Amino acid sequence: NAGVTQTPKFQVLKTGQSMTLQCAQDMNHEYMSWYRQDPGMGLRLIHYSVGAGITDQGEVPNGYNVSRSTTEDFPLRLLSAAPSQTSVYFCASSYLASGQETQYFGPGTRLLVL
Amino acid sequence: GENVEQHPSTLSVQEGDSAVIKCTYSDSASNYFPWYKQELGKRPQLIIDIRSNVGEKKDQRIAVTLNKTAKHFSLHITETQPEDSAVYFCAASNGGTASKLTFGTGTRLQVTL
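Here the protein sequences line up with chains A and B, keeping their order. Under my numbering, the residues of the first sequence are numbered 539 to 652, in order. Under my numbering, the residues of the second sequence are numbered 20 to 132, in order.
Simulated from the structure, these hints should not be mistaken for laboratory data. Among the clues, some could well be false.
Unchecked claim - Derived pair list, reagent style PhoX-like, types lysine-lysine, alpha-carbon separation capped at 25 Å:
{"no.": "1", "chain 1": "A", "residue 1": "K547", "chain 2": "B", "residue 2": "K41"}
{"no.": "2", "chain 1": "B", "residue 1": "K90", "chain 2": "B", "residue 2": "K61"}
{"no.": "3", "chain 1": "A", "residue 1": "K547", "chain 2": "B", "residue 2": "K56"}
Stated by the list, open to error - Which residues of chain A face chain B? A partial, calculated answer using Cβ under 10 Å:
{"no.": "4", "residue": "A540"}
{"no.": "5", "residue": "P546"}
{"no.": "6", "residue": "E610"}
{"no.": "7", "residue": "D611"}
{"no.": "8", "residue": "Y633"}
{"no.": "9", "residue": "L650"}
This one's a predicted model, so the numbers in the text were calculated from it and none came from an experiment. Just so you know, even glycine gets a beta-carbon here, dropped at the ideal spot from N, CA and C.
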């Protein structure tokens, strides 16, 4: 298994540009989430999904869209990039069975918005 | 919404000593409490978790305790080693899974020789 993969690893955008951060997992996990991590603020939940076709907003959803058309993929779209969206973005997937949670984070995407 | 506070923000211990990190949460409906370790420039890694029907859980040198009445939970690391040096995050979820987490702001643990 490749685990959770994220592309790109690093991206520079200009204010107003749009882009999609890709996230894929090959573990058949039903739960997937997107977080952003800013210095001194821990991780904050942007959007999450509990299965294909089901998504919901997290703590900081404004400026981001998601979709979950397949179990494997959970792309995050930035509609019109702003400098405040400069951050490290982590995708995570998890699976719950018999009360035991298995969770993996992707390697992260470092985004700089100028 | 949920609010998770984590203390201390930095912690320095000598190798072999114990380290304790504490978190409080605000939403009484929260029922899943994981802890993560993050080394510099790397992704968070789940190290231990506890659910609201359990008061304590251990995994080798790591243990987590939960006090639902007081709405706080703690991470205990015994016999610390230099490789334990990292940033540790607590988190809470009212969905019973790791899909919808509110994180604390992190504790930077430094284990000195």
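Using the nearest Cβ pair, does E610 (chain A) come within less than 10 Å of chain B? Violated, because the Cβ-Cβ distance from E610 (chain A) to chain B comes to roughly 16 Å (cut-off 10 Å).
Given A540 (chain A) as an interface hint, is its Cβ closer than 10 Å to any Cβ of chain B? 14 Å, violated
Taking 10 Å as the limit, does the beta-carbon of Y633 (chain A) come near enough to a beta-carbon in chain B? Because about 9 Å separates Y633 (chain A) from the closest Cβ in chain B, which is inside the 10 Å limit, the hint holds.
Chain B contact restraint for L650 (chain A) - C-beta distance below 10 Å: 16 Å, violated
Pair hint K547 (chain A) and K41 (chain B), alpha-carbon separation not exceeding 25 Å: Violated, because 33 Å separates the two Cα atoms, which is more than 25 Å.
Restraint check for K547 (chain A) with K56 (chain B), where alpha carbons must lie at most 25 Å apart: 21 Å, holds
Given the hint that K90 (chain B) pairs with K61 (chain B), does the C-alpha gap stay at or below 25 Å? Distance of about 30 Å is beyond 25 Å: violated.
Using 10 Å as the Cβ threshold, decide whether D611 (chain A) counts as touching chain B. Violated: closest Cβ of chain B sits about 16 Å from D611 (chain A), beyond 10 Å.
Is the hint on P546 (chain A) kept, meaning its closest Cβ partner in chain B is under 10 Å away? 15 Å, violated
The structure fails hints 1, 2, 4, 5, 6, 7, 9 (numbered hints given earlier, in ascending order).
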